[in-house]
Amino acid sequence: MKPVQLFCWHFMAYPYLDKDFDEKEYSGWVTVPNKLWDNRKARGLYQEYIDQLAYADELGFDGMVLNEHHQNIYGLMPSPNMIASALTQCTTRGKIVVLGNLLPLHMNPMRVAEEYAMLDQMSDGRLIAGFAPGGGPETFNYDVPSANTREKFWEAADLIVRSWTEDGPFAHEGRYYPLRYVNLWPKPLQKPFPPVWIPGSRSPSTMTEVAKRGYCYFLSSRSHGGETHRAQQEFAAVLEKHGDKYHPFRFGILMSTYVAETDQQAREECEEGVWYFLKNCLKGHLRRVGRQLTYGPGVPYIPAAAWREYLKHYKPGQKLLGDVENWDELDASQSIIVGSPETVIRRISALIERAKVGNLLIQFQLGNMPDHLARKSMKLFAEKVAPALRQQSLQQFTQEFPGVNVEASAEELH
Amino acid sequence: MSGRTIEIKGRKVWIMENGNGAPLLYLHGFADVHSVKESWLPFHQQLAKSARVIAPAHPGCAQTDEDKDIDTVEDVVFAYLELLDALELTQFDLVGTCVGGWIAAEIAVRHPEKIRKLVLIGATGLFVEGALIGDVFMNAQPEYGSSYATLREMFFSSADHPIALEMFPDGKGEIDDEVRRYQMLRLSSRIGFKPPYFYNRPLRNRLHRITSPALVIWGENDNFVPRSHGETYAKIIPNSDDLKIIPGAGHSVQVEKPEEMANLVMDFLAK
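Sequences listed follow chains X and C, in order.
With the working numbering applied, the first sequence has no gaps in its numbers, which climb one by one up to 414 at the end.
With the working numbering applied, the second sequence has no gaps in its numbers, which climb one by one up to 685 at the end.
With the rest of the complex left out, here is chain C (with noise of 0.2 angstroms):
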């Protein structure tokens, strides 16, 4: 494990390090390291081969310590201004998924100078007339005492996807998982359960502050974020490539396909 703790401004944050080259800021969602799985996904290792792939947990999150004071989206994109700081990042690659893809564009609309280029990957983040971002937290209180189905169904693109079924099992799976799927889900509440959900209203209309090239992914049937939400933001962010739709895959997009994804972002990285 390539894992360590630095203290900022007295608080604890987790960070995990691999690979040589330019730096790449690697925010996670719900299928992800830190969020489910202590160590490295095979997304995470192809990227690695080109990239310095920085993955801090977000607050509360794995080793991260908890900040009660995070109310909103906006309070913990300031704790990864921090971050920036402390590991003296003035310019790099951001690539966010899901929760992590939403704080990623929170990032570059107040920051565009510090990002080379940016990835977002089936990112919350939006809001989109009728097409509501789908209910986490209901989803995850087990069906009938122990199912979590409805939960992996929203995050992959099948409820019996095999990686679905190792990342959210049903019943109770090893406690360490268990746990850090709570701290995510606890992280997603305060900045994501009000408004509903996990949208910040005000995102849209500045995401015209980009500067950087974006390219945006979605799996093909992602049944938590619409696909309209990829489709507003490949539209509205200046630079940016056309949506890009894996067909075959779910919202954890990269989690399915990580060697077609590897290859797509770092394509984009490279360009």
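Excised from the complex, chain X in its bound form (with noise of 0.2 angstroms):
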């Protein structure tokens, strides 16, 4: 058994808006005017995020993450490949956990197969390997009918896996992605493939093809309350259902937070920030002002029957996180968890107590807070909570999972 992984998450988002971006602005997505990017500011950023991320691997943190965005300023990272691919060359330890490439975005899914091949080797072996479908925006984005997404979606991550374990050339006859010869130069380093992490927001289908396939699945919810608990026992159960058993690390889940030396002083520090990330990162994704486009009628990816039981449940106009008016709503969502050291350990136990997760990705550096604040919450966190997440999280885990031996199931190297 292993203690919890404790991953440093970077989203880059775009830090230079002016204070009355959210007054005069529709959205922070899609159609954000790209005349609000700065060369005088913007001219650094990407080293300084990319030496927030190195500084995690120098910390102890088990891994980085990375993921990918378009047309948005709440993440700067249209290829995380490119990241990833500088990663390789300043990090040494840490996992390197792209979550994920966007799939149907790709005209070809060998081309994804080839980047993460290329990264696995670079990174001697380091690589977490993540598919997404992609979100309303990135719909809108690159013009991805969304009806056959998902079908779309998952041919794609089959035919990369299948290109890492199967000896090429191979034709793959597809119903999107008909291939006649697939021969992967170079192929990845770990066998039999690198770990492949899939995001989720609970729907039983997606959560079936993960427990299929033995990859992990991640739940991508800002949220934590009852949800991520309930979310976990989903998963569990599909995996029983389909002859696997669950553990700690079969599961992943997106916090954030800040820690600094006390609480008051935690929120003082990180609340511009916060706000920041919350009213303008957040303003077409996860806000209801303006227009939300992750999800809805427009993009309707779910078949039809799928719709009609979310309309039973729906509530419209309902607040999402971007729409928290105050900090005690915030502080009820558990999404951003803020505190002196003792507080943040105590309420991230909680949570995988409950929730017996065994990855956690924490995001550290919100909107617009400046490097030196990052990278103090960063050292503490990993000075003072680390060390108690791991030792409580490894006594409940060897407890609650008597027999699972995960260091087995471990990929080897070649």
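Quick caveat, the hints were computed from the structure, so don't treat them as lab data.
You may find that some hints are simply not true.
What the hints assert, rightly or not - Okay, the calculated bits of chain C under chain X, using three or more residues with CB under 8 angstroms as the criterion:
#: 1; segment: 470 to 483
#: 2; segment: 550 to 557
#: 3; segment: 598 to 611
Built from N, CA and C at the ideal position, the CB exists for glycine as well.
If you follow the hints, you should be able to join the two separate chains into one complex; please do so.
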């Protein structure tokens, strides 16, 4: 058994928006005017963010997490593989988690297979390969018709893994990506292939597909009330149904945190970055103000019968994470955990204990949070919070999951 | 309700029929029977006074089975060719509105001999430079979590038009209507999301193949399909009347002005 794995996730927000952005601009996604990009300020920004991730590696985090977004101020990584490539050169220990490449946005999934194989070789076997279908905004950015996205996604994911594991050349006779000569050069280093993580938002069909293939399920929710615990139970049940057994490293969640010397200091230091993140970065994604593009009838991914089920419980105009109006409301959402090391240990421990989650993907830099504060919080977390979480989780997991040998299931290097 | 399900090559197709007379195949758009409403709208009831109106629901709409292999408008055309065979319709009048107008035009360029007379109302389908068809999909994502005002504005002469508010209400409407709207968006996303939006570039160069008399009608204030698309249809279809503009109406002109529109269409078909 191993303790909870602690990863540092960087979204790489655009941090130079004026204070009146929310008032003036309709959205932070897809149509956010790119005249707002300011080279005088943004020069060196990528280096700052990459250095923060390299610092996470130095501090002993189990890995660094990147993801793909297009045409927005929330995440400046249209190609996370480029940042991952840089990380192969300036980090030595941690896993490099790309969560993930948005497969339906690629004309040919082999490009993803190739780049991931390169990253696995360049990082000496440190890649965790994420595949994601892409949400509503990316649908609009890349004109991806929604109705068949999921099917297309799984065909691409399966082709990539097949190209990693099966000797080529072989012909892929697929519905969406027919290819005559699949013959991957280079091959990935990890055998049988790099760990695969798939994000989902509690849809039973995604959980089922993940379970069938033995991958890790990542819950792509930013709030952690009772739903995280329920998602874990649902996924465990799905695994059971497929003759598999849940253990904490089959499951991951995203959370944000800010740690400082005291609760009060923590709140004071992070508040500007937090509100920037909630009001600007989430506008168009997790705010009802303006137009939320992430989920809805205009991006009809799910079958009509599933939509009917969704509508039964849907309450129009409900508050989303970015709509919180004050600190207490934000605090209750368990999305951003802020406080002294003691407070943060207590709250994250409770989350791990309840949700039995083994992969914590943690966002430290929020919105326009300055470099020195992000680093200070990361350092305090690594030194004061992480040891306690590791110790407690190891004890919990050993007790609750006896006989599970996670080391043995870890990928070997050839 | 006058609907029934027929099975064609293992797939269920939902059709409604009303009236007696020469067969009139009606292909629906967004603000329409099958894509919002379960029952006939006044426009169809008027037409049924002098024709046998046959209105199938597009693949995946209302109770018609979804077909995951539909990627382009041509796949929908073939679904309709199967239906025509099943119904033994060899010659008929063809009336299409909005996306249904596009499908009608695509059928007409392939099988002009089947069409007695063709009516296109606010039809999508053409690429007209500098005149993009509106983005239904983005506007179907509510503003402020519940407002569909911009979608209504696209489909009607005004977002506050009573019929617009009834068919596309804010918040959550009647669930069956909501699901029908969703199904229509899902089909449309298959055939109309890429290329952006709702056109088939080669269609324009095929329009000369249409041999039947044609009538092209547009609402004066169509905020979804620019009027230049109507002008193009009317200009290139060899036997078409001049574009007919209905004052004071929006994209869903037959919903806003059912009486006037039904008379116009019936006169044309009787001519």
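Status of each hint after checking the structure:
1. 470 to 483: Check passed, 3 qualifying residues.
2. 550 to 557: With 8 residues close enough to chain X, the hint holds.
3. 598 to 611: That given contact holds, which follows from 9 residues of the segment 598 to 611 of chain C lying within Cβ reach (below 8 angstroms) of chain X.
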